[in-house]
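Participant: Listed below are the residues making up each chain.
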Amino acid sequence: AQTVTQSQPEMSVQEAETVTLSCTYDTSESNYYLFWYKQPPSRQMILVIRQEAYKQQNATENRFSVNFQKAAKSFSLKISDSQLGDTAMYFCAFMSGITGANSKLTFGKGITLSVRP
Amino acid sequence: DGGITQSPKYLFRKEGQNVTLSCEQNLNHDAMYWYRQDPGQGLRLIYYSQIVNDFQKGDIAEGYSVSREKKESFPLTVTSAQKNPTAFYLCASSIEGLATTEAFFGQGTRLTVV
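These protein sequences, in sequence, are chains A and B. Just so we're aligned: 100 in this note's numbering is position 100 of the first sequence, and the numbers increase by one with no gaps anywhere. Going from the second sequence to this note's numbering is simple: count from 1 and add 1000.
It is worth saying that the hints were derived from the structure and are not from the lab. Even for Gly, the Cβ is constructed at its ideal location relative to N, Cα and C.
Across the chosen pairs, the derived CB separations fall in these ranges:
hint: 1; chain 1: B; residue 1: Lys1083; chain 2: A; residue 2: Leu84; range: 33 to 41 Å
hint: 2; chain 1: B; residue 1: Gly1040; chain 2: A; residue 2: Gly85; range: 20 to 28 Å
hint: 3; chain 1: B; residue 1: Gly1063; chain 2: A; residue 2: Gln56; range: 38 to 46 Å
hint: 4; chain 1: B; residue 1: Gly1040; chain 2: A; residue 2: Glu15; range: 24 to 32 Å
hint: 5; chain 1: A; residue 1: Gln2; chain 2: B; residue 2: Thr1005; range: 25 to 33 Å
hint: 6; chain 1: A; residue 1: Thr20; chain 2: B; residue 2: Lys1014; range: 41 to 49 Å
hint: 7; chain 1: A; residue 1: Ser12; chain 2: B; residue 2: Asn1053; range: 43 to 51 Å
hint: 8; chain 1: A; residue 1: Ala71; chain 2: B; residue 2: Ser1080; range: 42 to 50 Å
hint: 9; chain 1: B; residue 1: Gln1041; chain 2: A; residue 2: Ser12; range: 21 to 29 Å
Chain A stretches covered by chain B per the calculated footprint, using a threshold of three residues with CB under 8 Å from any CB of chain B:
hint: 10; stretch: 37 to 45
hint: 11; stretch: 104 to 117
Model the full assembly from the supplied sequences, consistent with the hints where possible.
Facilitator: This is the structure we're talking about:
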């Protein structure tokens, strides 16, 4: 079974600075997908970024980028120029590349990020 | 506007009673999912369905039941057999499984047993 580990329960960053959120995962598969979701105080889950394991290039979405290290099974999220609206809980998630009845999204326990003004 | 709707937002239940949480989507998505969120636990999968009239147990299915009679609807029943039902419940949907596209989430239902 796949597992996703987010070992830091909380982090804090000054507005306009850069912060990196860590995530590791365990799987025996070679084809899979990784996601970072954001859950602000409204509790609405929002997709931040996704990475396909077969792609060597790290995904980037505006101020958000990932450092995907497949051999190390590491998938960290870097937030540049942090904004107050980035304050939220962030979840790392894993999805098998094998679609069908056994496919499901596995989440880490999340990390609470606070952006200080 | 297309989206996924959960109702009610807040729900109170007496011990020993069954309660049903609603999840409806008009995105024409094939797959639908129910997650439970507890503090410090992340999101845990309860049930999921890839197609109408079919569904599979997730990691914590005990004490819950679902149905998928229509593509748009995936209600979750929390039965009296669920020993600790107080939690935040999230419903999600996607096209043909989550691997090929992002999952869209509802706004959640906060269930409290009183």
